[in-house]
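**Student:** Residues per chain are reported as follows:
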Amino acid sequence: MTVLSRPAATITLRTARRWAYENLFSSPANSVLTVLTLLVIGVALFGVLRFAFFSAEWEVIVVNRRQFFVGRYPVEEVFRAWIVVFMISGMAGLSLGLWSKPGVRTAAALGILLIPVFLFIRGGEVAALTAGAVGLFVLSHVAARAVVEWRENVDLLRTLTIVSWLIAFLVAMFILGEVPRLLWGGLLLTMILAVAGIVLSFPLGILLALGRASTFPVVRIFCVGYIEIIRGVPLITLLFMAQFILPLMIEPERSISALGFSVPITGYEMDNVVRALAAVTLFSAAYLAEVIRGGLQAVPRGQVEAAKALGLSTTTILALIVLPQALRAVIPSLVGQFISLFKDTSLVAIAGLTDLLGVTRTVTAQQAFIGKQAEVLLFAALLYWIVAFSMSRASQRLERILGVGER
Amino acid sequence: MTGISAIGPALGFWRNVRVRRFAIQTAFLGLVAAFGYYLFDQARDLELGFDFLDGRAGFDISHQFGTSYGPNDRRLDLYLAGIVNTIRLAGVGIILATLLGLVAGVARLSGNWLVSRLALVYVETVRNTPLLVQIIFWYIAVFLQLPRISDSINLPPDTISVLPFIEIPFISFDFAFLSVRGLALPWATTEDGFGLWLILLFIAAAAAVAVRFWRAQRQERTGQPSHPTWWLLGTFALIAFLGFAIAGFPLDLDRPEVGERSYDGGIRVTAEFAALLVALVTYTGAFIAEIVRGSLQAVPKGQTEASAAVGLNPFQRLSLVTLPQALRIMIPPITSQYLNLTKNSSLAVAIAFPELVGVSRTIINNTGQTIPMFLIVMATYLLMSLIISLVMNTIHSRFTLETR
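Protein chains in written order, with the working numbering: chain A, 1 to 407; chain B, 1 to 404.
Just chain A, with the same shape it has in the complex (with noise of 0.2 Å):
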């Protein structure tokens, strides 16, 4: 028996009585705040569900389904998808296994948001391997449980799998990449470019900040002008600028030449994918780099002088020493700004992409479907809804676990 333990909750007529004047009704004025609010939850909720039962025509998500999840991708490559969903769901529940241990609540969580999928899909092969990578998924995580209740120390397991999660994402990219980039679509696209922009902006963040915090003059004037002017200045005059300036810069079949010398490069075509990405990663890295910067500045001065007087390099105090701590101390930023950057990626749809958003353009544009835009946006927001509500949620459980702000 452990004295710790909180007192069975019984749910009796009286502690529900209690509970509401508690909450609802402890004075005249909070019973009338209660009462407009129910009217207000009762009127909002009586037109959602007349929208979502009788006035919605869903039948536009469920024929439009593959546009979606890949947009334009080869029905006959689409394996490719599903080999990566399948990586993906299995070492994300090996992950959540190996470091937390998730109550009732999160996989309750996580049925419910199953539901809408399964309704959507209604087709027996799709449905078959959904049920596979979410069987998967529970799989590999009650394995994972199993190896952290075996073994006490599972801190090479633990390195193990942030290392297979990079090679995961080459991987991942070799496998879709056989598909010429201009295919790519639907939500396969938006996670493709919000991975690949957190990816390859994270690291130019650090180097930003850093610079920004550096003794040399000269580099630290050119971070603070780099992350001052792209903060200043909106996503969307990026995207454009990427579009309109970039194919200026690196034309195919063009030698750069410059002070007399000439160097021939490669053609390397420049598609609109890159250049989005392009401008979302450069985008993303000054807010980033703003982000660590109050990282490093919460790093006690100690830390580094006490490094110093221990005779290790610069580059050694950095990445053993500061970073570590100054990273921690701002994972709550960290991901609200990866999930910045997923929302941002909907802007790729301005500059003619068919990401999740482009795609409800052009599902609309169908002949049997037009005008059912409120369909076809609200399942778009849905989608980005699961994923940026996943992560925040993700970043809490990450906070609890490596204890920020209680040492």
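Nothing false has been slipped in among the hints.
Covered, in the sense of this in silico footprint (three residues per stretch, anywhere, with C-beta under 8 Å from a C-beta of chain B), are these stretches of chain A:
1) 36 to 49
2) 216 to 226
3) 231 to 241
4) 332 to 344
5) 383 to 397
Just so you know, these hints were derived from the structure itself, not from any lab.
Note that the Cβ used here is the ideal one computed from N, Cα and C, for glycine as well.
Given chain A's structure and the hints, the job is docking chain B onto it.
**Tutor:** Frame of chain A, contents of chain B only:
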């Protein structure tokens, strides 16, 4: 003596910290310069300059505020009209988002379970979906689905549906109209004597400040509660109203009327502007709500308890004790939200609302002057960011000075 010397010949000049610093920075500068030169070299044959701004525009923009530039005007004029649109969106958006954020942030901490849950659902839904999706949703799925102008919805509505099935008839005011053409609200028009009234308003303000000072002095001297703020408001309202009568009622209510293709009179907001505003305000409001919540929670609990012990009611506790202290914490992050809102207004290009990015894109398409135009757009945004930061920093420093 051992042979170890501090400046041994074994250490070359490259081990000298000064030499290293110089070398590294020179190398860095050289790289940046080379890249810059390369860009410049690429752009040399593009014949860049700023003369194109004086050229005939050749295009028209649909939403103009106080101006009516057309294809025959200079490109610069149309660009300025675009800037006005951005400022209009950002200005109105900032005010409304602040109000919404304050209300939602306070509601998040409400003791009323329903209210705090409702605020939580709002914040988590809006924050975790892309703004662009929301803008397009509001525009295409809401505002463009409104009835045609001839079937305009009257506001306040003729009937109020309390519950889905019960409809209570309501007096029709023909106060405001809503349709696919946008929203039309009544507005005031000025008449003769308005100038006189403005002068009287200044006098009213001066008198009100004086009365407040007197009441505050009295409260300090006698210890009697003298309600200086109520006296301030009362004095101002009284003199303002008397002055309004003296000046001969110089304001007239200009009600909108339903026209053939657009509304006449009143103040009119197009569907594009309304959709953008709703999306920007709800999105930024959710972020501000989180900032407000965090700042209120950062105020020590003892402050609330002490003010409750002194006998302040919940509203006084919030407005006089917790909120002023929370303001100090919340102003810097709210400033960055204001900057975000201003920058996010550029997403208007997605629904063809001509703010400054939209106009500059048209100019680029017409002239091909990509790089100069981008430099101008960047400079404009940096200038606006600078102004907002300056204003907010001034407000912040005032708050910091007033308290300990």
